[in-house]
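J.: Modelling step: build the complete structure from the supplied sequences, incorporating the hints.
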Amino acid sequence: GEPIAEDDPDGRSDLFGTAVIEAARIAAAAKGGEILVSDVVRQLAKGKDFLFADRGEVALKGFDEPVRLYEVRWQE
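Residue numbers (UniProt numbering): 1 to 76.
Take the hints with a grain of salt, since some may be wrong.
To be verified - Straight line, CA to CA, 30 angstroms or less: simulated DSSO-like cross-link-like pairs of lysine-lysine: (1) K61 x K46; (2) K31 x K61; (3) K31 x K48.
Calculated from the structure, these hints are not laboratory results.
T.: Below, the structure written as structure tokens:
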């Protein structure tokens, strides 16, 4: 779902929701120097000269369905 933004008493904003949790889990799955993204991000970046390598489906903690991940490649 859509991230939810909330301000704390000090005026700082924070984001909450399943999209934020999924993004954190995907980032945690990356090794040093890797950029991993979901298929949603890959689709949004179509036609923007990014290269993607399919890393297959992975189970993310707290999610019932596996998520297909892609590594962003800077060179072929």
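J.: For every hint, state whether the structure bears it out.
T.: Against the structure, the hints:
{"no.": "1", "hint": "K61 x K46", "verdict": "holds, 28 angstroms"}
{"no.": "2", "hint": "K31 x K61", "verdict": "holds, 17 angstroms"}
{"no.": "3", "hint": "K31 x K48", "verdict": "holds, 24 angstroms"}
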